[in-house]
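Student: The residues making up each chain are set out below.
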Amino acid sequence: MPIIVNLDVMMAKRKMSLNELSEKVDLTLANLSILKTGKAKAVRFSTLEAICKALNCQPGDILEFVE
Amino acid sequence: MKSKAENLLTVMHTLAWIVCIGLLAIAGAITISYIVSIGNAQAAKDLYKGMDLSAYRQQSFVNYTFIVVYKIILNIAQAYIAFLMTRLLSKLNISRPFNVDVVKLMQKISYAILCVWLITMLYDSHVAILEKMYGIAATYISGDFIFLAGIVYVLAQMFKRGIEIQSENELTV
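First to last, the sequence lines map onto chains A and B. One rule links them: number in our numbering = place in the first sequence (from 1) + 115. One rule links them: number in our numbering = place in the second sequence (from 1) + 175.
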């Protein structure tokens, strides 16, 4: 898929673990893992908003388009 | 607590098993009557619940055998469809109805119905030829259920799309 999820990069920059993020955005570890590994087929705006708030970043920092 | 649909599916599952066993029993009964009728021509008058094929038996034993084999195969094929139905209903999960097994079984059912229709057409044409040749009153089997095969196939294709939508829904974070 040409959309790459850079969640792991942002998490590393903010030095935040998956467990911590999962608690902050109120998502299960399984769902976060799906998103992190790029298996997700869609992301809700509410999820994106929560992740951006927790990591203090923009949606563009998490999602990237590659041809 | 089980929903109304789940209860209905349980009843359908039981019914499908009963139909499957019943049709196999009929096929078995016809086979045994046929074996008896090889030695005793009188047995051809009542093969199963008044099924009188003695006219064919008198005219030609080969044609009589063909007619009996058609009837046995038809019953077995219908029993197979009922068996596929039992497997489909056992694999159907009402909370996650779209899965690959269900689609495969639906496709198999549609192909099986198509086969039954082909056998029916063969039987009807054979019986019609015998009616012309020997003047034996023919009893035809309606082949209208060919549409059923088409409908089941279309439903299987719709289920395929359902699987895609379900997996998309599951992979939405």
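Each hint should be verified, as a subset may be incorrect.
As the list claims (entries may be wrong) - Which bits of chain A does chain B cover? Going by a derived footprint, with three or more residues having C-beta under 8 Å, they are:
hint: 1; segment: 138-148
hint: 2; segment: 151-157
hint: 3; segment: 168-177
If you're looking for bench data, these hints aren't it; they were derived computationally from the structure. Remember, predicted model here, so these are calculated numbers, not experimental data. For glycine and all other residues, C-beta sits at the position ideal for the given N, C-alpha and C.
Student: If you test the structure against every hint from before, which numbers come out violated?
Tutor: 3
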